[in-house]
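Work out the full structure, taking the sequences as your base and the hints as a guide.
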Amino acid sequence: MILAMFVLGWIAVNYPLSPAKIKLFVWHKTIGISILILVLLRIAWRLSNPTPVLPSHMRSWERRLAHTSHALMYLVMAAMPLSGWVINSAANFPLKLYGLIRLPNIAPTDKAIQIQAELVHITLFWVFIALLLLHIGAAFWHHFVGRNEILLRMLPGTTRFRQKTGDRCL
Amino acid sequence: MSLTRVAAMLIYGTLSATASATEWIVDNDHSRLGFVASYDGVGFETRFERFNFRIRFDTQQPEEGVFDAVVEVNSVNSRSADRDEAMLGLEWFNAKQFPQARFASTGLRQIGAGVFEVTGRLAVKGITRAIVIPIAWSQTDHGARLTGKTTLRRTDYQIGIGEWESDPIIGFEVEIIVDLQLKRMD
Numbered sequence: 092m093i094l095a096m097f098v099l100g101w102i103a104v105n106y107p108l109s110p111a112k113i114k115l116f117v118w119h120k121t122i123g124i125s126i127l128i129l130v131l132l133r134i135a136w137r138l139s140n141p142t143p144v145l146p147s148h149m150r151s152w153e154r155r156l157a158h159t160s161h162a163l164m165y166l167v168m169a170a171m172p173l174s175g176w177v178i179n180s181a182a183n184f185p186l187k188l189y190g191l192i193r194l195p196n197i198a199p200t201d202k203a204i205q206i207q208a209e210l211v212h213i214t215l216f217w218v219f220i221a222l223l224l225l226h227i228g229a230a231f232w233h234h235f236v237g238r239n240e241i242l243l244r245m246l247p248g249t250t251r252f253r254q255k256t257g258d259r260c261l
Numbered sequence: 002m003s004l005t006r007v008a009a010m011l012i013y014g015t016l017s018a019t020a021s022a023t024e025w026i027v028d029n030d031h032s033r034l035g036f037v038a039s040y041d042g043v044g045f046e047t048r049f050e051r052f053n054f055r056i057r058f059d060t061q062q063p064e065e066g067v068f069d070a071v072v073e074v075n076s077v078n079s080r081s082a083d084r085d086e087a088m089l090g091l092e093w094f095n096a097k098q099f100p101q102a103r104f105a106s107t108g109l110r111q112i113g114a115g116v117f118e119v120t121g122r123l124a125v126k127g128i129t130r131a132i133v134i135p136i137a138w139s140q141t142d143h144g145a146r147l148t149g150k151t152t153l154r155r156t157d158y159q160i161g162i163g164e165w166e167s168d169p170i171i172g173f174e175v176e177i178i179v180d181l182q183l184k185r186m187d
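Protein chains in written order, with the numbering used here: chain A, 92 to 261; chain B, 2 to 187.
Any given hint might turn out to be false.
Claimed, not checked - Covered, in the sense of this in silico footprint (three residues per stretch, anywhere, with C-beta under 8 Å from a C-beta of chain A), are these stretches of chain B:
| id | stretch |
| --- | --- |
| 1 | 31-44 |
| 2 | 74-86 |
| 3 | 162-172 |
Keep in mind the hints are simulated off the structure, nothing from the lab.
Treat the numbers as computed from the prediction; the structure is a model and nothing was measured.
Glycine included, C-beta positions come from ideal geometry on N, C-alpha and C.
Here is the structure:
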């Protein structure tokens with residue numbers, strides 16, 4: 092979904108003004124708001140449910156880095172659609188969810204605000220890419236270099252017991 | 002009949018026609034001329050910031066009325082800088098080549114109490130078509146108020162050409178809105 096957003100957003104911005112461009116943006120906006128809703132649900136779930144404990148062999152800087160980058164990813168995933176919503180509001184274009192539900196403007200109509208929000212939106216995009224690379228890199232690092240089961244414990248069927256002990260499975 | 006006599010009659014006739022209908026001045030700051038169009042099925046309102054009217058009207062003799070307007074297309078304001086810029090482009094109003102839209106009445110008649118019908122020719126983007134606008138006229142403390150609405154198809158004036166011509170993402174129907182505060186010219 093997020094990947095689709097990157098592609099849609101990128102094409103939409105660079106597309107010449109046409110009905111197709113508007114439709115690309117309409118989809119970009121609908122999916123963006125959907126992601127916002129899903130991310131908020133995910134954050135609520137995460138806060139109200141215990142998360143798998145980090146393996147005991149992880150050093151404290153690793154833990155800090157993991158927690159910070161995870162928190163940042165959630166933050167960016169919520170802030171990106173929000174900043175997009177601000178762009179749309181400041182530009183005073185209508186916003187509809189799946190072509191059905193009208194959503195209100197969340198910022199006053201103002202070209203300066205629009206430009207600022209666009210800058211935030213694109214910056215967050217690169218921040219997210221960086222975080223994603225860090226996240227994937229860390230997963231591979233744990234798997235291939237650290238040789239622990241962090242990556243594999245995402246698979247269904249791995250037991251809670253083994254997740255908690257953090258024993259090496261390879 | 003001598004030529005001078007004919008000329009004198011013509012001049013007299015013109016003068017008497019002028020004198021019989023009241024001339025009105027539009028208070029631009031308290032008036033609105035614009036249209037409502039739609040984007041992805043959601044209506045958006047616009048107004049023109051600069052326009053000039055020439056209105057001569059008397060409810061007692063509506064058929065002698067004149068209702069002419071010149072609108073500066075570049076002054077369109079839809080409260081969205083991006084959209085305004087796009088609207089002036091080649092495919093839309095092409096304001097560079099056609100900076101003004103004009104309306105000239107060809108006839109007025111009463112159709113009800115305080116309700117009249119203005120027939121005239123609307124020229125937008127170099128295309129002139131006959132249109133009819135029903136208007137409501139009411140006296141106010143300071144003068145008069147004129148309100149009117151009519152729906153046009155943007156494609157009749159080649160507003161939105163190319164792919165826009167057949168794509169409903171920008172709605173085909175456009176409602177013209179006129180709401181004028183008028184003062185009697187002394």
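* Asked: Any hints this thing doesn't respect? Which numbers, in order?
  -> none
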